[in-house]
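Protein sequence lines, in the order shown, are assigned to chains A and B.
The first sequence maps to residues 1 to 324 in my numbering.
The second sequence maps to residues 1 to 324 in my numbering.
Where hints are given, some of them may not hold.
For chains that are exact copies, the list does not tell them apart, and a pair is met inside one copy or across any two.
[What the hints assert, rightly or not] With a cut-off of at most 35 Å between alpha-carbon atoms, the simulated DSBU-like pairs for lysine-lysine come out as follows:
id	residue 1	residue 2
1	K236	K193
2	K236	K13
3	K193	K304
4	K304	K72
5	K17	K193
6	K13	K271
What the hints contain is simulated information worked out from the structure, not anything from laboratory work.
2 protein chains.
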Amino acid sequence: MGLVDDLINGDRKAAAKLITIIENDTNKAREIIPLIYPCTGNAHVIGVTGPPGAGKSALIEKLTGELRRKDKTVGIIAVDPTSPFTGGALLGDRIRMQELSMDKGVFIRSMGTRGNLGGLARATNDVIRILDAFGRDVIIIETVGAGQADVDIMHAVHTSVIVMVPGMGDDIQAIKAGILEIGDIFVVNKADKNGVDRTVMELEMMLDISDRFTKGESTVGARPKMDKGWRPPVIKTIATSGVGVPDLQGKIEEHMEYMRRTNILQMQEKKRIENELMAIIRNRMTEHTMERIKDGEYDELVQKVVTHELDSYSAADEILRSCH
Amino acid sequence: MGLVDDLINGDRKAAAKLITIIENDTNKAREIIPLIYPCTGNAHVIGVTGPPGAGKSALIEKLTGELRRKDKTVGIIAVDPTSPFTGGALLGDRIRMQELSMDKGVFIRSMGTRGNLGGLARATNDVIRILDAFGRDVIIIETVGAGQADVDIMHAVHTSVIVMVPGMGDDIQAIKAGILEIGDIFVVNKADKNGVDRTVMELEMMLDISDRFTKGESTVGARPKMDKGWRPPVIKTIATSGVGVPDLQGKIEEHMEYMRRTNILQMQEKKRIENELMAIIRNRMTEHTMERIKDGEYDELVQKVVTHELDSYSAADEILRSCH
C-alpha cells in the first residue's frame with residue numbers, strides 16, 4: 001500500500017484517505033494498522049470533554065495555537081457521539097476551526113457515530129494511530145457530553161481534560177459522578193461569568209472527597225487514577241480571549257512528565273492494549289459465529305424466545321453448539 | 001430447585017434469595033432463567049430515569065400508590081450505575097421508600113454496579129425476569145443519570161419515563177441529546193418551581209424537532225421510536241404532593257395499550273431478545289477464549305504490543321488461532 005508509505009512521509013492527503021477508508025470499513029483497519037503500528041507511540045494524546053456549550057472547541061483552538069508556538073504539530077479529532085441533535089452546533093465549531101487548518105502543522109478531522117457507540121471508540125483508536133504514524137506530536141480528541149462513549153474514548157488518551165462552565169448547579173453532580181474518575185485536569189471555562197469561584201470550589205471539594213473514595217484500584221477501566229500521586233488541578237480559562245490557556249498547556253505537559261516519571265504511562269498503555277485486544281477478539285468471534293449460523297436457524301431460535309418456548313441462555317447454548 | 005417453585009407461588013423470600021444468587025454470580029442466571037422463563041412475559045416493565053435530584057424516588061413512590069389503588073402488584077428495582085459518589089443520596093431515598101415495603105403488594109430491591117456497566121444491564125434483565133415470574137403486574141426500574149448504562153437498561157423496558165426538573169438551562173441539551181430518543185413519556189417534576197413552563201416548552205420543541213430528524217429506523221438500539229405514531233407526552237408533576245401522578249399513570253397505561261394495538265410491543269421484544277442473545281454469546285465466547293489461552297502466552301503478546309513489536313489486530317489473530 002503506497003498510501004501507508006505516503007502517510008509515514010507526512011503526506012496529508014494520505015492521512016485523510018486512510019482515515020476515510022477505516023471509517024467506511026472497520027475491517028480495513030486489520031490491514032492498515034499492522035503496517036503503521038511500528039511507527040506509532042510518539043504522540044501525546046489529549047482528550048477534551050465536557051457538556052455542549054462549555055467552549056471546548058474555542059479552548060482547543062487556543063490550545064493548538066499555544067502548541068504551535070512551541071513548534072509542535074497537532075492533530076485534532078472531533079468526535080460526536082450524539083446523533084442528529086447537536087449536529088448544527090458542532091458544524092459551526094468546525095467551520096470556526098477551519099482557520100486553524102490553513103496551518104500545515106494542524107490536521108483536523110470530524111467523526112460521527114452511525115449508531116454504534118462501541119465501534120466509535122474503536123475507530124477513534126485507529127484514527128489516533130494514523131495521526132501518530134503521520135508524525136503529529138500532539139493529538140487532541142474532542143468529545144461531546146458525558147456518555148459512556150466519552151468515557152470509553154477517554155480511556156484511550158494519555159491526558160484527559162474535562163471542561164466545565166460556571167453555574168452548572170445541581171447537574172454538576174450528575175456529570176461529575178462519572179467523569180471525576182477519568183479527569184486528569186479540570187478546566188472551568190468562561191471564567192468571566194458569575195459563579196466561577198463556586199464551581200471551582202465545588203470541583204476541588206469533590207476531588208478531595210473522591211480522593212478518599214478511590215483509594216486502591218480504580219474501578220473504571222484502563223486508567224490508574226488519582227491515588228497514585230497526581231491530584232488533578234482545576235484551571236480557570238476564558239477560551240475566547242485565551243486567558244489561562246498557557247497555564248493549561250503547562251499542566252498538560254506536566255501531567256505527561258509525571259506519567260513518564262512514574263511508570264503509570266506504561267501501566268496505562270498495557271491496560272489499554274488489553275482492553276483493545278479483548279474488544280477485537282470479542283468482535284471477531286461474534287462476527288465469526290454470526291457468519292456460521294444459518295439465518296433460518298437463528299431466526300427460529302429468536303422466535304422461540306419471543307414466544308417463551310425457550311429462554312435466551314438456552315438459545316445462546318444452541319447457537320454456540322451449532323458453531324463448533 | 002425448590003426456590004424456583006416457591007418464587008412462582010409468590011414467596012417473597014424466594015424472590016429475594018434468587019436475586020441475590022444472580023447478583024453474586026451471573027453464571028447462576030444460566031441455570032435459573034431457563035426454569036422461570038416460561039412463567040414470564042406478563043409484567044408491564046416501566047423505566048424511570050433522570051438526573052439526581054429530579055425527584056425520581058418520590059415520583060415512583062406516588063406512582064406505586066396509584067397502581068396499588070388499582071390493585072396492581074408492583075416490583076421496584078433501583079439501579080445505581082454511578083459508583084460511590086451518589087451513594088449517600090440514594091440511601092436516603094431507599095429508606096424513605098421502605099414505608100412502601102410494608103405493603104405485601106410492593107417488592108423493592110436495589111442493585112449496584114461493581115464496576116461492570118455491561119454486566120449491570122444484563123443482571124437487571126435477569127432480575128426483571130425474576131419479578132415477572134414472581135407475578136408482579138408492574139415492574140418499575142429506577143436508574144440515575146444519563147449514561148450509557150441507563151440507555152442500555154431503558155432498552156429492556158416497555159415504557160420509559162424521563163424525569164426532568166425546571167430550569168436545567170443549557171444542560172438540558174446535553175441530557176436530552178441522548179435521552180430524547182429513548183423517552184416514551186417525559187415528566188417535568190417539581191412543577192411548583194420557577195421556569196416549569198419554559199422547560200416544558202423546550203422539551204416540546206425538541207420533541208418536535210426530533211420527530212423530524214428520526215424518520216425511518218431509529219439508530220439507537222432496540223426501541224422502534226416516535227416515528228410510529230406515538231408522540232411522547234410531557235407531563236407536569238409535583239411528586240411530593242402527588243399532583244399529576246394519576247395523569248402519569250394514565251399515560252403509562254395508554255402507552256402500553258398503544259404498543260399492544262400496533263405490533264410494536266412484539267417488534268421491540270424481538271429486537272431486545274436479539275440484543276440479549278448477542279450479548280450472551282459475546283460474553284460466553286470471550287470467557288471461553290480466555291480460558292483456553294495459556295496465561296504466559298497472552299501476557300507475552302500484550303507485552304509485544306506494548307513495545308510496538310506487534311499490533312493489536314495481529315495479536316488478536318494469534319490468540320484466536322491458538323484457540324481453534
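Open item on the list: Within, between, both or neither: how does the pair K236, K193 come out at a Cα-Cα threshold of 35 Å?
Closed with: Both. Shortest intra-copy (11 Å) and inter-copy (32 Å) distances satisfy the 35 Å Cα cut-off.
Open item on the list: My question is about K236 and K13: at a cut-off of 35 Å on alpha-carbon distance, are they close within one copy, between copies, both, or neither?
Closed with: neither (37 Å within a copy, 54 Å between copies)
TODO: Could you place K304 and K72 in one of the four classes (within, between, both, neither) given a Cα distance threshold of 35 Å?
DONE: Intra 59 Å, inter 29 Å, cutoff 35 Å: inter-copy only.
Task: Within, between, both or neither, where K13 and K271 count as close if Cα-Cα is 35 Å or less - done: Within one copy, since 33 Å is at most 35 Å while 41 Å is not.
Open item on the list: At most 35 Å between CA atoms: does that hold for K17 and K193 within a copy, between copies, both, or neither?
Closed with: neither (42 Å within a copy, 53 Å between copies)
Task: Status of K304 relative to K193 across identical chains (alpha carbons, at most 35 Å) - done: Neither: 59 Å inside a copy, 50 Å across copies.
In terms of the numbered hints stated before, the structure departs from hints 2, 3, 5, listed from lowest to highest.
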